[in-house]
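If you're matching them up, the sequences are chains A and B in order. If you use numbering that gives the first Met the number 0, the first sequence corresponds to residues 0 to 195, in order. If you use numbering that gives the first Met the number 0, the second sequence corresponds to residues 0 to 168, in order.
Under 10 Å between C-beta atoms, here's a sample of chain A residues computed to sit facing chain B:
no. : residue
1   : Met44
2   : Ala47
3   : Ala57
4   : Val63
5   : Ser78
Calculated from the structure, these hints are not laboratory results. Since we're looking at a predicted model, the values are computed, not measured. Beta carbons are placed, not taken as given, at the ideal position from N, Cα and C, and that holds for glycine.
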Amino acid sequence: MTRDSALDVLARRRGDEVVVSTMTALGPWRERAGTDRDLICVGFMGGASTLGLGVALARPDVPVWILDGDGSLSMQLGSLVTIANAAPAKFVHIVFHNGVYETSGAQPLPAEGRVSFAAMAEGAGYAKTVRFDDVEAFDAELDDLLDADGPVLIELITQPAGAFYQPGPPPTGRTKGALARNWPGVRDALAADPAS
Amino acid sequence: MTTAEPIPAQTLLDALLGAGVTDVVAVPDTHQRSLISLIQETGEIRFIQTTTEDEAVAVSAGLIVGGRKPILQIQHAGLYACVNNIRGVALDGEFPLVFLIGLLGRDVSKAPTENFGSMVRLAQPLLDSLSIPHHLLDGSDDVGLVDQAFDEATQRGGPVALLVGAETS
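Excised from the complex, chain A in its bound form (with noise of 0.2 Å):
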């Protein structure tokens, strides 16, 4: 399976949850379905997932969907166990396991190869969990899953995509970061859409 044919078969899904992308899936997400209700995780790897547990425990009327990158989880696993007691209802977490971190040039994962994080998420307390290597086998769950009580991890082994990352220039003066550009369009949109 590849990203790109992964994040196809979400995009055809997008409705109105509020998604959390990081790291390579971020910018081929946005291309194919970004909206208003898309947060960014840059610039604290790891964070993805928390930052949609806020999100989904401010507003558990939306479903919120989390892009992680298996490096990421890496840095912060005990965000399992977090978001296990929190029990948000509808939020799917979903992650790109490729096996490499491939952003600062496709170094392997510790213990890749033996590593699961779908069986982690399980010991953790999710509610489902579910590991996914083929693209159609992914796509014909996909509803249901989407459809069942949260927390539910997806894990799917993807192929590296060599999305090996190149810095710009440096920044030469005071710009907003490109969080504090994101965030307040998507709590105003959330805003426009109270829960009833």
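Chain A is fixed; fit chain B onto it per the hints.
Chain B alone, transformed into the frame defined by chain A:
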């Protein structure tokens, strides 16, 4: 001479309620355990527990996106642990996060920066280095700073820290 006195948990809880706080996002703190117990017993403010302070920062930011008014309750060691998330979320992301930080182990006869223990002594210099405004809650007369901290955080578009000087009673 004592420079900090215990603040009753009820006094601090009233200050949080008066400021309109909806959620306390916390990693357990020995120093503020009486307040944690009272929050959990009364249920007037939602208590959200995380396993790390990094998570507490991100969860609080998400709560703000969703229209809530959280406060983070952590210990000084947790402040040191979550510096990158404070930088990435609260500072660069311009989230108006307010922190309640317990100065566990402080010699209350001295100012924090005059303490021998590095956990207490380095908290204010670290906040200064991050350009985060901070205020000491050294007694019940200081709890009005809770409400002011939220105003300050909103006005500056960034974090503000409240340092709980003595163990809450």
